[in-house]
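Chemist: So you can see what is in the structure, the chains are spelled out below.
There are 2 protein chains.
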Amino acid sequence: MSELDQSCINTLRFLAVDAVEKAKSGHPGLPLGAAPMAYVLWDRFLRHNPADPQWPNRDRFVLSAGHGSALLYALLHVSGYDLPLEELQRFRQWGSRTPGHPEHGVTPGVEATTGPLGQGFAMGVGMAIAERHLASTLNRDGFPLVDHYTYGLVSDGDLMEGVAAEAASLAGTLGLGKLIYLYDDNHVSLEGPTSWAFTENVPDRFAAYGWQVLRVADGNDLPAIEGTLRDARSNRTQPSLICVRTHLGYGSPVQDTREAHGEPLGAAGVRATKEKLGWPLEPTFLVPEAARAHFRLAVERGARWQKEWEALRDRFRHDQPESARRLEEQLGGTLPRDWDAALPTFRPTDGPMATRDASQKTLDALAPRLPSLVGGAADLSPSTKTVLPGFPDYSASEAIGRNFHFGVREHAMVGALNGMALHGGLLPYGGTFLVFSDYARGALRLAAIQQTHTIFVFTHDSVGMGEDGPTHQPIEQLASLRAIPDFTVFRPADANETVAAWRLAVQRRAPSALVFTRQKIPILDPATFPIAEGVPRGGYTLSEASGGSPEVVVLATGSEVWLALEAQRLLAERNTGARVVSLPCWRLFDEQPASYRDSVLPPGIPRVSVEAGVTMGWERYVGPSGESIGLDRFGASAPGPVVQRELGLTPEHVVASVQRLLAGRPREGVS
Amino acid sequence: MSELDQSCINTLRFLAVDAVEKAKSGHPGLPLGAAPMAYVLWDRFLRHNPADPQWPNRDRFVLSAGHGSALLYALLHVSGYDLPLEELQRFRQWGSRTPGHPEHGVTPGVEATTGPLGQGFAMGVGMAIAERHLASTLNRDGFPLVDHYTYGLVSDGDLMEGVAAEAASLAGTLGLGKLIYLYDDNHVSLEGPTSWAFTENVPDRFAAYGWQVLRVADGNDLPAIEGTLRDARSNRTQPSLICVRTHLGYGSPVQDTREAHGEPLGAAGVRATKEKLGWPLEPTFLVPEAARAHFRLAVERGARWQKEWEALRDRFRHDQPESARRLEEQLGGTLPRDWDAALPTFRPTDGPMATRDASQKTLDALAPRLPSLVGGAADLSPSTKTVLPGFPDYSASEAIGRNFHFGVREHAMVGALNGMALHGGLLPYGGTFLVFSDYARGALRLAAIQQTHTIFVFTHDSVGMGEDGPTHQPIEQLASLRAIPDFTVFRPADANETVAAWRLAVQRRAPSALVFTRQKIPILDPATFPIAEGVPRGGYTLSEASGGSPEVVVLATGSEVWLALEAQRLLAERNTGARVVSLPCWRLFDEQPASYRDSVLPPGIPRVSVEAGVTMGWERYVGPSGESIGLDRFGASAPGPVVQRELGLTPEHVVASVQRLLAGRPREGVS
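Residue numbers (the numbering used here), protein chains in the order written: chain S, 6 to 676; chain L, 6 to 676.
A portion of the hints provided could be inaccurate.
Identical copies look the same in the list; a pair holds intra-copy or inter-copy alike.
Think about it this way: if two alpha-carbon atoms lie no more than 30 Å apart in a straight line, the pair counts; the simulated DSSO-like pairs of lysine-lysine are [as the list claims (entries may be wrong)]:
(1) Lys27 x Lys525
(2) Lys29 x Lys525
(3) Lys29 x Lys366
Just so you know, the hints here were simulated from the structure itself, not pulled from any lab data.
With the hints as constraints, model all of the structure from the sequences given.
Modeler: Following this line, the structure appears as structure tokens:
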């Protein structure tokens, strides 16, 4: 290894070590072992422009082993990103741009928020999917404007996680040839040697998935790393896993032990490591001049690459203006003009209609006008109704496809959707049953943290789905999804609310979950009910009490709204005036001014809520003197209407609750 | 194939088909294709006693592909379980013992609740772990009282799920030789051919995990099935996957198509299938006499096996009474006398102490006295503090071990814990960070549905964990775990509440989550505070306002309780009397009589809650005029005390909120 290479690698190692040491917190082990492969990748392959981290055609690099963040920050700093040394010195401190795990949006050049293991792996798969699709649909002969690799660095821990296994199988099936992962194969995880818990043959497993598997026997062998990276790049039909045998905490007194994983080395350990690897003890955070100069070539290279790309794009604009316009619009994330022009409006006579079917009809209308819209389901599309009709499937042989078969892999699906959204150029959606959102929560949370523009279609949204029984009937999922910060859940009351929710999900640059029924429900007349104005406010007065002076407000969402309307009718027969409020989106309603909220839920008027799920959280709207009708138990297997009736989801039950409440009789449940 | 075998197999097929047809709902495809392998297994290998589904030494059979429930019900019916034909005729109806997916506890002989794909796979792994451990610890020479196989039937869908991938890798690592899965390799999943989404080489993948992989080329070839099952049983060091090539919907007009998967065949389809397979069209639900007689031999065999086992057990009682007593106590799930005799009591001078450390000390005290207690962590035991000190690790070479290395596999860990608990004889626990409970929700939900006696240790329970940042800081997890029906969450306020929570978790025959801090917190004096009486009631007055007439009640859980006590002190200095209520377990508190709840939270007295998580749900306790201090946003990377201070988790903030509330000034947030 040349002296310069060695110096550059040690620069990365000790920037990371010193950052961890100063923070008294972090993970020195991975940077010490993995710095050589990261160096070779960034120095000799990665096409990026530190001056413009948003350059659309940059190679993507995902540090799936997010606990090695200090290595990534070192790479970004020396490569010339807007991440000054002071930020490395504020590693893991309040307000710094160097948080404990990489956070997309916080640090320039961080492509994805990682740390929860396996997620980066899945997001990288999504990025590679996006690149391949966009290249196939937006490039034209002689204009390869989308043409880049997706690289990742993954750890033992990543590869133990199920989400990565799912994503790996999917990547193999789809033949993502431009996806290349370096596996930091260091034989140690947090508890101890991987022999304790992870004796599988990783190369054989990935070969079984259809990956090209390459090996580097010595993680310090730069020519070997470089050669395998070339081999990985030249295989355009298979994703590549490069297994690089490294040593956790390389050069430190705790090398190859779990102690090297997640604790600072300590002053003596740092000194010993620097001595062992021939690095000056002082100053800390050292970047030797020659190393700095060499690293900073990335700035010049990057500027050149982007300039060449921009020249090509300019020629494209000139030669093929319509194609160029589409490419720029799509990569820029701009919604096409008239994207919503064909959105349907439903009349009561079109129903009854399941909201999943209304969702499909919305997709029918969006698909031709919104080319960025791509998606599929976790092997449930005939049930979730999430097909873009007339468009081909995305497959190993058909990269232009917009319909995805994610397989029975909910977690990897959501992870991949996150990656597709992070890549840019696509508005991805994915569907499964609401109850199986549980399988994907790790990735749903990262959608919220990163505010990826992803749309999740969750159908079969209550016990109304019927015979499949308690394992398939969601109960707590609405509550648990609503609990995620910065995550928006819509449960539309009918076909027209469904269209309104889809409209918002497309417009908002943030993740949305759309929750739909399996069973048919009535369609509310948009001429009578203020749906289009109401849904964007999250909640609204759907139907005022006759006479205009409600004695009670009945709040409901989704399939329970028509039930509230039925109860309103029955109450009117008993001379009780009830207002019905539809509350499809708690978050948007909570964001309204108090005056609006009070106009919908007038203080002092008793309230009853109805929703086919746990009542937890409804106290926010009904108050302690109100009542919540819901399901604080698991469901049961029987035809949907039977389950609904047996579990009290009936207008009569609502009426009885209202009457009890107005009579001042004690309600059930806690006070 | 003999005529009798053929008749028996068709009996199973058409009991299932007729059940689905009568219900107009269900999955005929799997039973038609998989009946032969199920028949061979149940007829020639499975050691069980239909008259006593609780016989401890029965072989376990898990239908991981739970959508094929009709096949399992057919097997149970013809084998002589207490499942009369009328129940098959009430398939998927309200109150029947034949729900849409198999439910443990509802149907005799159903070993596990399955349907959410991959879960049965993971639970079977847990059962095989339990058998191997119990055999090693409880059997004596000449007394193999625990000695059985665990079988399963798994589908493409199961094998696509990450939880199954994790469990498979774990099973290979642990060398579970008595685990045998039949893979119904039918090349079709719900959306279409598996070639769309699942092109991996499954046999190679499982070989890479360390499994013995066997193949049956024709799913109707009974001798081949029988032979491979014998080969699987004879390999005692590796789990076995038998890949059986079958045809979804075998014999039906929709054979090998997705239409055969999840819809009834329809009258014409049923007729065509019966004609094709040479089965009488009428009567439906036919069990020919010869087939019935043959199937019912299972009753006689089972009675004999159990009788032989009981004779052996009686000899064991006589020869080795102490060992026999222990075996029976442990298999029977009885807690040993004095199991809790060594549980610690902590004094304030022992602290401050993280509740994760108090939990470790509790484990230290339980381990020697509670031999059924086994557990581990998802590669985090040095952080979760979940080691049984002085006991060996469970591994391929050491089946007596009680400490498990589950690897970075949260979902499979919880699935395996469920299986260990379902097996009986063990009280299993598993640990990870609270935020990563998200990864395991699919299995946590099944713990709740089945009421498995499992204990989940979730540490690093708030932003107080510090530098790891938002990806590792739980925010919505307390709320989302509390939302699960029949699932009990404890968040103890200190070391002594920790012991009390552990005590309840051991005693209650139901799943519990124990939520612990990473950071040190003060220890409350058990001589002053009524902790031992309070925790079992879920919530209690920890500290009354001086003078005994509180103007405000401050509610808190976990690490925020001492903060509430600090606020109480500061308020007292300002002549405001505040009561502090510790609410470690919402569920138990909600179950108390109203009189008790009112005594803790007197109606009419304003309330403020403090918890380092989303405020959703707290409205139940503070009411609309109260205030909840919490975190309705993601966390941030910085030292824990800094994050807590910056995000308002301070006594001063509580004081300010109380003062604002008492002054009648408007609070933040929704009304």
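Chemist: Next, verify each hint and record whether it holds.
Modeler: How the hints compare with the structure:
With identical chains, the CA atoms of Lys27 and Lys525 are at most 30 Å apart between copies only, with a shortest distance of 22 Å across copies and 61 Å within one. With identical chains, the CA atoms of Lys29 and Lys525 are at most 30 Å apart between copies only, with a shortest distance of 17 Å across copies and 58 Å within one. For a Cα distance limit of 30 Å, the shortest separation of Lys29 from Lys366 across copies, 26 Å, qualifies, whereas the shortest one inside one copy, 55 Å, does not.
Violated hints are absent here; each numbered hint is respected by the structure.
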